[in-house]
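A.B. asks: Model the full structure from these sequences, guided by the hints.
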Amino acid sequence: MHARLGLRRAVAGSVSLVISVCLVVFGGHVGAHVVQNVLVPGLGLHEQSWWLAVAVFVAATASIVAWVQWGVDWVPVAIVVGSSVASGVLAEAGHEPAARWVASPAAHEFPLVVVVVTGIVWLRNAARRLPLVRTVLERRRRRHPEPLDALGAVDRSRTAAVLALAGDVERATVLATDPRIAARARRVGLIARARRGPDPFVRDHAAPRAALALAGVLDGDAIDRFREDASRAVAGVPASEPTWVRPLDATLAAVALTRIGETAAGDRWATVWHTNLALRNGHRPAGWWTPLGIRIATAPLWEHAAASALARAHGWHHPERPDADWQAIRRRLLGAAARGSAAVDDERAIAAGRLWLAFADDEQAARILSRPTVQHDPLAVALDRLAAHLADPRDHTDRKDLVA
Amino acid sequence: MTATIDHHDLAATEPLLLPERPARIGPTSRRLLARLVVGLAVWFAVGSVLIAVGSTAWRAFGTSMIFPGAGFLYVAWPVLTLVTLVAVVIALVLWWGVSAHFAIPLVWLASAAGAALLADGPRLVVDRGTTWGWVVPLAYAGAVATLGWMVWRIESAYRRKAAKVPELNEYLRSATLPAPITSRRAPDEMDAELLRWCYDFAFQPEDGLDGLDWGEQFHGGTQLRYQMNSLTWAMSLYAANHLPNAPGHITRALETMVRKHTDLRVWKYWHALNLIGNFDPNPDPIRRDNIMFSAFLGDVINCVEAATGTEVFDQPGSLEFVWSDGRTFSYDHHTLTEAVRRNFERSSLGFFPCEPGWSFTVCNVMGAQALYGHDVVHGTDTWEQVRERWQHTLDHEYLTPDGSYAHIRSNHIGVSWDTGEVPGGHYFANGTHRFADILPAHARRAKALELRGAAPKMGALSSMVHDGRLDLDLPPELERHRTRTSKLLPWVKIIGGARLVGDERLVDAAIRSSAEKCATGERWPNRPLDASASGLGSYMIVRWSAPLDLAGLAMRGFVDPVGPVLADTAWDDVLVTEAVSPDGDSLRLALQPRIDDAAVRITLWFGQLRPGVAYTLAGTGEAHSFVAGDDGAAAVELTVDRTLVLVLAEAVAP
Amino acid sequence: MISFRINCAQVWVRLVRFVCKVTRRPQVTYDAPPMPARSPARSAR
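Residue numbers (my numbering), protein chains in the order written: chain A, 88 to 491; chain B, 16 to 669; chain C, 2 to 46.
Be aware that one or more of the hints could be misleading.
[Unchecked claim] Here are a few chain B residues that sit away from chain C, every Cβ distance over 10 Å (derived from the structure): (1) Val64; (2) Leu100; (3) Ala156; (4) Gly236; (5) Gln330; (6) Pro471; (7) Asp482; (8) Lys502; (9) Arg571.
[To be verified] Restraint-style ranges between C-beta atoms, simulated for each label pair: (10) B:Arg616 with A:Ser457: 27 to 37 Å; (11) B:Asp646 with C:Pro27: 50 to 60 Å; (12) A:Thr264 with B:Asp203: 56 to 66 Å; (13) C:Pro27 with B:Glu403: 41 to 51 Å; (14) B:Gly439 with A:Ala453: 47 to 57 Å.
[To be verified] Calculated from the model, a selection of chain A residues having no Cβ within reach of chain B, i.e. all distances over 10 Å: (15) Ala97; (16) Leu104; (17) His116; (18) Val127; (19) Ser150; (20) Ala153; (21) Val162; (22) Val172; (23) Thr264; (24) Asp306; (25) Pro406; (26) Asp410; (27) Leu420; (28) Ser428; (29) Leu444; (30) Val468.
The hints are simulated quantities; they were obtained by calculation from the structure and are not laboratory data.
For every residue, glycine included, the Cβ atom is placed at its ideal position computed from N, Cα and C.
C.D. replies: Structural data, given as structure tokens:
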């Protein structure tokens with residue numbers, strides 16, 4: 088799989104390089120505008136209209152967010168292709184493009200896309216922490232006073248899956264079968280892939296399917312489809328959204344598949360976990376784009392902690408460095424504990440850190456992580472409950488063994 | 016006896032007189048001031064040169080160097096002069112408030128640069144380029160007047176105080192101090208409510224700090240650290256005076272209170288202060304300066320250990336301060352004390368700062384207390400290592416001729432001023448022990464001097480006591496954060512003053528009446544009395560300061576309880592408000608249901624009984640008999656549906 | 002050696018009040034943000 092992805096990246100890179108060079112060398116002024124626009128959507132149109140250029144840029148940015156969030160990949164492609172064609176058509180003959188530097192080969196396009204997407208994701212996360220934005224988000228949350236109401240569909244699925252692992256199957260079932268989850272999956276399937284069938288979970292949607300499987304709600308056909316989807320997937324487990332694999336969702340799916348007898352899925356996921364999604368500078372990626380196997384952004388601390396702890400619990404860690412993730416995230420987890428559980432991300436990180444305490448013999452971390460009260464965010468509460476479940480010696484002969 | 020008073024006997028201490036020919040300024044402060052004077056002289060010289068030989072712009076610059084904002088007046092922008100003066104005041108407040116040492120120089124320089132830039136520029140009401148040359152001598156006059164006024168203030172205050180020295184020494188030679196109040200007042204309903212509030216606060220979830228006032232953490236009266244300090248001191252007093260023979264629950268509560276001091280919200284202000292004042296990004300709250308946290312916490316731990324004997328905080332790493340990025344600064348009682356000692360040693364002034372660059376007498380007294388109390392509990396000599404130099408600093412740098420001490424001193428330029436934090440900017444004594452433990456002779460002198468003012472007032476109040484009450488409707492006072500008033504604050508002063516003069520009748524009356532007049536009927540997280548959390552803490556301290564006050568507790572150290580002990584019970588179901596052994600053989604116990612009107616069936620487990628001896632437990636409608644086991648333990652079951660006052664005593668042979 | 006009097010404490014509170022007004026935050030709250038008050042836990046035994 089590694090070799091296959093490498094080949095794909097090489098082919099994609101070469102083709103885009105060739106096309107770019109041809110456009111620049113043989114396309115003249117028009118070709119240069121097109122390449123400009125491919126690199127920075129809207130740039131190729133700035134000579135025609137600044138407003139149009141800005142509008143295209145904003146639309147492209149928004150569409151990239153939608154692509155990363157929901158796997159709606161055709162929209163940014165359409166915007167980039169459409170605006171690039173338009174920029175070529177509208178380019179004035181004989182007029183030198185303003186930015187000569189753009190004529191450089193677009194061999195850097197893909198890393199640039201990665202950088203741009205990573206930057207957008209980072210900006211989005213950072214913006215949520217800005218005072219004004221935080222106030223707006225808080226107001227939105229206050230309109231839904233019950234924490235569960237404020238939970239998005241994906242987080243709802245994750246919560247259900249974790250609760251099921253913690254043994255609270257009843258509550259997990261209620262959450263996992265929430266019609267809002269299926270409605271979202273249907274919407275994403277329709278917009279991203281024009282899927283209209285009766286089953287919204289026919290492909291992808293790792294978190295909801297993992298939750299349903301762990302809660303024991305999937306019927307025979309659904310289980311078969313789940314297995315089949317996993318066996319065909321590059322990562323060994325279904326994606327979260329079309330072409331996007333996210334660490335926690337994928338790990339939960341691997342756990343669910345293992346529990347329904349598909350242990351090979353767990354092994355395949357383990358390989359991806361410590362190769363393609365391996366720790367780099369103490370971080371794992373927030374997402375993995377399966378067509379070319381590209382890592383995007385860094386996973387939030389809580390997701391890194393939760394996914395790695397679950398992987399550790401199932402023996403999917405690196406054989407020589409079983410606690411490498413713990414060493415990488417330990418200090419940041421203590422920082423989350425110090426900040427307290429007021430912020431959702433911190434509360435989840437604290438609870439996810441407690442998962443790791445079942446494996447890490449770390450008295451100081453145990454003391455510090457046990458101080459904050461986890462009680463607001465449902466996913467954090469579920470993770471905390473799972474941590475208590477792992478720590479309770481009465482529940483398992485091997486307290487670290489989550490496999491039923 | 017369950018609590019022994021081990022005050023240094025202040026009455027027997029030789030009177031410490033005031034210096035007959037006091038110095039105006041101490042040697043270190045003189046050196047620092049000299050440095051300031053030299054710096055200012057150079058600054059004025061440069062300014063004068065610029066005025067003398069420079070262009071219009073440089074003259075404007077130089078004029079501002081002579082007096083902040085004068086350059087703007089020179090270039091006919093009087094509005095900007097006013098703005099500069101306001102900015103200087105704000106800069107001064109920021110200098111004091113957050114150790115922004117660069118603030119005044121920055122404003123001064125900015126006013127000079129701004130004036131220079133405007134020299135050839137437009138004017139508001141006069142022609143472009145107009146300059147008012149008459150401002151230059153005015154600037155010099157202003158500078159001289161300001162400096163002269165400061166010098167005059169210092170000199171006149173010095174002379175006024177020095178003139179009093181012979182009279183004060185005469186008084187000190189013959190002053191008799193009232194005996195401290197050492198009798199124990201049995202806890203009443205309000206004490207039970209306050210204890211309940213303390214337990215509710217302590218046993219909320221580990222990360223909970225509900226019940227405190229919240230606001231900015233630098234100066235505004237809402238600092239979490241001081242609220243935590245006062246509550247923990249108060250609870251330590253209650254433990255030592257009223258619960259020495261039922262230590263289990265109160266000990267856990269006090270340990271939790273100490274741990275809550277390590278909550279990031281309590282100490283994270285230090286990072287900003289250290290960065291602004293020392294240009295040091297290290298968030299460690301103990302290592303350097305910040306005596307207002309480290310010493311106070313050290314003293315708090317001293318009190319907790321003296322009251323309960325707990326050794327939890329003697330273990331390495333028992334005090335973990337975790338910063339928001341996960342860095343952990345681990346201390347324990349010993350390393351914390353050592354850090355305080357080390358900071359004293361490093362300081363050239365002899366006192367070390369709270370906010371960087373500012374050394375306060377009260378906080379350095381707490382620093383001394385932190386060392387002394389640690390020595391008492393652990394048998395070390397950290398206070399002795401610094402005492403001589405510390406005392407020298409107190410007596411030569413901070414002492415004013417009339418026996419009061421300046422509240423604040425700049426470590427950089429040796430200046431003090433009245434910051435408005437305490438009346439007049441000075442006091443005879445401060446800290447929670449008022450020198451009683453660290454320097455008994457100084458304590459005696461300070462107490463005698465305070466009595467001169469307090470005794471007549473307390474005497475007048477004492478005459479108003481009728482039927483054990485002080486029926487006064489005192490006007491509410493503004494809380495320190497100035498956002499609301501409190502009816503309780505004036506009562507705190509009366510009770511404290513009554514204790515100072517040793518008027519037990521007035522103390523009891525004020526305690527009773529304050530509870531009646533200021534009660535709110537509320538429970539945690541609201542407050543049972545009309546006060547802020549720090550006001551509540553202060554009230555509990557003065558209420559519970561007998562037979563042991565905080566100084567007495569620190570000097571006594573921990574004493575194992577004598578006589579029968581209530582080892583365990585259903586602490587969550589019943590509130591034990593009193594457990595004392597008046598004679599070493601019996602146990603007086605007071606308890607009530609934890610939840611109102613909820614009768615609970617509980618077991619009382621006793622220990623430290625005489626093996627094989629028959630005991631009775633009787634009082635308030637209860638009568639039980641039992642024989643102590645071979646291990647000196649016994650258990651009694653009873654129903655608690657109201658307040659019970661019981662006495663456990665050896666059965667009298669028929 | 003008290004050289005002059007500027008009531009820094011009062012000016013400070015007024016500055017804080019001004020900043021709180023501008024940022025629309027309360028100067029003092031008499032319970033504990035950000036967590037709502039919780040009932041006291043059972044004491045650790």
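A.B. asks: Work down the list of hints and note, for each, if the structure agrees.
C.D. replies: Outcome of the hint check:
The beta carbon of Val64 (chain B) is kept farther than 10 Å from every beta carbon of chain C, the shortest such distance being approximately 28 Å. Even its closest Cβ contact with chain C, about 12 Å, leaves Leu100 (chain B) beyond 10 Å, as expected for a residue assigned away from the interface. The Cβ of Ala156 (chain B) sits about 18 Å from the closest Cβ of chain C, beyond the 10 Å cut-off, so the non-interface label holds. For Gly236 (chain B), the shortest C-beta to C-beta distance to chain C comes to about 8 Å, within the 10 Å cut-off, and the non-interface label is violated.
Chain C leaves Gln330 (chain B) outside its interface by the beta-carbon criterion, the shortest separation being 17 Å against a cut-off of 10 Å. Under the 10 Å C-beta cut-off, the non-interface status given to Pro471 (chain B) relative to chain C holds; the minimum distance is some 25 Å. In this structure Asp482 (chain B) is separated from chain C by more than 10 Å, as the shortest Cβ-Cβ distance comes to about 35 Å. Every CB of chain C is more than 10 Å from the CB of Lys502 (chain B) (nearest about 15 Å), matching its label as outside the interface.
Separation of Arg571 (chain B) from chain C is adequate, the least Cβ-Cβ distance of about 27 Å exceeding the 10 Å criterion. As the Cβ distance of Arg616 (chain B) to Ser457 (chain A) is approximately 33 Å, the hint placing it in 27 to 37 Å holds. Distance hint check for Asp646 (chain B) and Pro27 (chain C): the Cβ-Cβ separation is about 56 Å, which falls inside the suggested range of 50 to 60 Å. For Thr264 (chain A) and Asp203 (chain B), the Cβ-Cβ distance of about 59 Å falls inside the hinted range of 56 to 66 Å, so the restraint holds.
The hinted window of 41 to 51 Å between Pro27 (chain C) and Glu403 (chain B) holds, with their beta carbons roughly 48 Å apart. Range check, Gly439 (chain B) to Ala453 (chain A): about 52 Å between beta-carbon atoms, so the 47 to 57 Å window is met. Separation of Ala97 (chain A) from chain B is adequate, the least Cβ-Cβ distance of about 40 Å exceeding the 10 Å criterion. The beta carbon of Leu104 (chain A) sits about 42 Å from the closest Cβ of chain B, which is more than 10 Å, so the claim that it is off the interface holds.
Distance check for His116 (chain A) against chain B: the nearest CB is about 49 Å away, which clears 10 Å, and the non-interface claim stands. Distance check on Val127 (chain A): its Cβ is at least 35 Å (rounded) from any Cβ of chain B, clearing the 10 Å threshold; non-interface status holds. At the 10 Å boundary, the C-beta of Ser150 (chain A) stays outside the reach of chain B, the nearest C-beta of that chain being 35 Å off. No beta-carbon of chain B comes within 10 Å of the beta-carbon of Ala153 (chain A); the shortest separation is about 33 Å.
Against chain B, the non-interface label of Val162 (chain A) holds: every CB pair exceeds 10 Å, the least being about 38 Å. For Val172 (chain A), the shortest C-beta to C-beta distance to chain B comes to about 48 Å, beyond the 10 Å cut-off, and the non-interface label holds. Even its closest Cβ contact with chain B, about 33 Å, leaves Thr264 (chain A) beyond 10 Å, as expected for a residue assigned away from the interface. With a cut of 10 Å on Cβ distances, Asp306 (chain A) stays outside the contact zone with chain B, its closest approach being about 43 Å.
For Pro406 (chain A), the requirement that its beta carbon stay farther than 10 Å from each beta carbon of chain B is met, with the minimum near 27 Å. For Asp410 (chain A), the shortest C-beta to C-beta distance to chain B comes to about 17 Å, beyond the 10 Å cut-off, and the non-interface label holds. Interface exclusion of Leu420 (chain A) from chain B breaks down, the closest Cβ pair being 7 Å apart, not more than 10 Å. Chain B draws Ser428 (chain A) into its interface by the beta-carbon criterion, the shortest separation being 7 Å against a cut-off of 10 Å.
A cut-off of 10 Å between C-beta atoms confirms that Leu444 (chain A) is not in contact with chain B; the least separation is 15 Å. Against the 10 Å criterion, Val468 (chain A) stays outside the reach of chain B, whose nearest CB is about 14 Å from its own CB.
The structure is inconsistent with the numbered hints 4, 27 and 28, although it conforms to all the rest.
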